[in-house]
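Student: Mind docking chain B on chain A? Use the hints.
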Amino acid sequence: MEQPGQSPEAGDRAPMLACPVCDTLHAEPEVPDNHVAQCRRCGHVLAAPRENAMIRVLALALTSSILMIAAVLFPFIDLQAGGLQNRTSVLDAVLAFSTGLMIPLSVAVALLIVLIPLARLLAIIYTLWPLVRGAAPYPLARQAFGLAERLRPWSMAEIFVVGVAVALVKVAGLASLSLGPAFWAFVALVLVTVLQDNSMCRYTIWKSLDRPTR
Amino acid sequence: MEIAGQTDALITARKAGMLACDRCGRAHAADVAACNRCGARLHARDMASLQGVWAWLLAGIIVYIPANVYPMLRTTTLLDTSESTIVGGAIELFDHGAYGVATIVFVASILIPIGKFIAIGYLAISLRRAGVLSAHSRHRLYEVVEFIGRWSMIDVFVVAILSALVQLGAVATINPGIAAVSFALSVAFTMLAAQSFDPKLIWDADREPT
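Going down the list, the sequences are from chains A and B.
If you use this note's numbering, the first sequence closes out at 214, no skipped numbers anywhere.
If you use this note's numbering, the second sequence closes out at 210, no skipped numbers anywhere.
Same shape as in the complex, but just chain A (with noise of 0.2 Å):
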């Protein structure tokens, strides 16, 4: 409620928000919190802004820098079998393509599983920071915030851990194995990422950027 509503007598120079769904024109709601607008057509969800969204999606997203940075420092796994033993970070997974053609293969998996993650709670925190102190947004917030919401379908953190718990049933007979403190790292960061989009009203976010910037 950063603006106070729309006149009815800006007629048609008020600000029209078109369904990203099926494009469907709609003046731009003023929701208040807790509530929810969708499109009349089709039912797209178009805002729903909650109490306190932004505090809680940049607490998240700082808990979820720090679990990351423990996540690629920390032992991963620790796997035995007859007298050898290979610890793992999630670097070495990284690094598991690195020979030869595959080389770009490693790069591909550190962007998706660590770096692409960061980048976008880095951005996130960026955009949120000063909005969460009612301060005007920083500069490059619109670009962050985008870059943001376009790096979302690439950054698979939690599809790496499902692969984790594959492929630890495929060793399993193989040789004995531990978690390390990593992994747990890892799995609490899946659950606070998950958290942290669906309590993200990007639409909330937009209206909140559409302001001078510092």
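I should point out that these hints are in silico values taken from the structure, not numbers from a laboratory.
You can trust all of the hints, since none of them are fake.
If the Cβ cut is set under 8 Å, some of the chain A residues that face chain B in the computed set are:
| no. | residue |
| --- | --- |
| 1 | P15 |
| 2 | V21 |
| 3 | T24 |
| 4 | C42 |
| 5 | I77 |
| 6 | T88 |
| 7 | M102 |
| 8 | R142 |
| 9 | G146 |
| 10 | G163 |
| 11 | K170 |
| 12 | L174 |
| 13 | D210 |
What follows is a list of derived Cβ distance ranges for each label pair:
| no. | chain 1 | residue 1 | chain 2 | residue 2 | range |
| --- | --- | --- | --- | --- | --- |
| 14 | A | R40 | B | G97 | 45 to 55 Å |
| 15 | B | I118 | A | Q85 | 42 to 52 Å |
| 16 | B | V144 | A | V36 | 16 to 26 Å |
| 17 | B | F94 | A | A81 | 21 to 31 Å |
| 18 | A | G82 | B | G97 | 20 to 30 Å |
| 19 | B | R45 | A | P153 | 13 to 23 Å |
| 20 | A | R40 | B | F147 | 18 to 28 Å |
| 21 | A | L191 | B | A170 | 37 to 47 Å |
| 22 | B | T81 | A | S178 | 22 to 32 Å |
| 23 | A | H35 | B | E146 | 20 to 30 Å |
| 24 | B | G100 | A | L179 | 16 to 26 Å |
| 25 | A | R87 | B | V144 | 35 to 45 Å |
From the three backbone atoms N, C-alpha and C, an ideal C-beta is built for every residue, glycine too.
Tutor: Coordinates of chain B only, in the frame set by chain A:
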């Protein structure tokens, strides 16, 4: 055409001669180049954008072939070396009695990719020819494809983890096979195909007759 705030007839931004921002949804006059809220470039949608969809889809299907032909994993133990393809890996898991995981692998690396090829192709064709499915269910299909497509990448991650983990010298070593690269490419290409498909086209085609 009038654009009043509270008309009861629902019109689209396109009918009103406006361009909607793909990123934040704000509608603009047709001659505006970039969204004045989020800064995204505005572009009118047209059927030509389908070329991009077909191109990515075709690329995805082509690289999916070597992904299935070549080995995904090479396992070396004291006694022998074995190579397994995607299908082979799933069957092996099934033989070991790990039905749940075998199902995950089978669904993620075979059913989902092929289902995606079919779904994207169907959606693109259905724009020109009225199909059986309503706009609503076709849009639902699109959302499912967008949501689920990324999960195919799981097989690549499994290979990465296994190859990093199982490096026990002479006892057992697992190395990635070249199929991992083409499989990852196939997943990425189909994701790009889904992203370059503009779901609003589904609703345009649906509305045209009226």
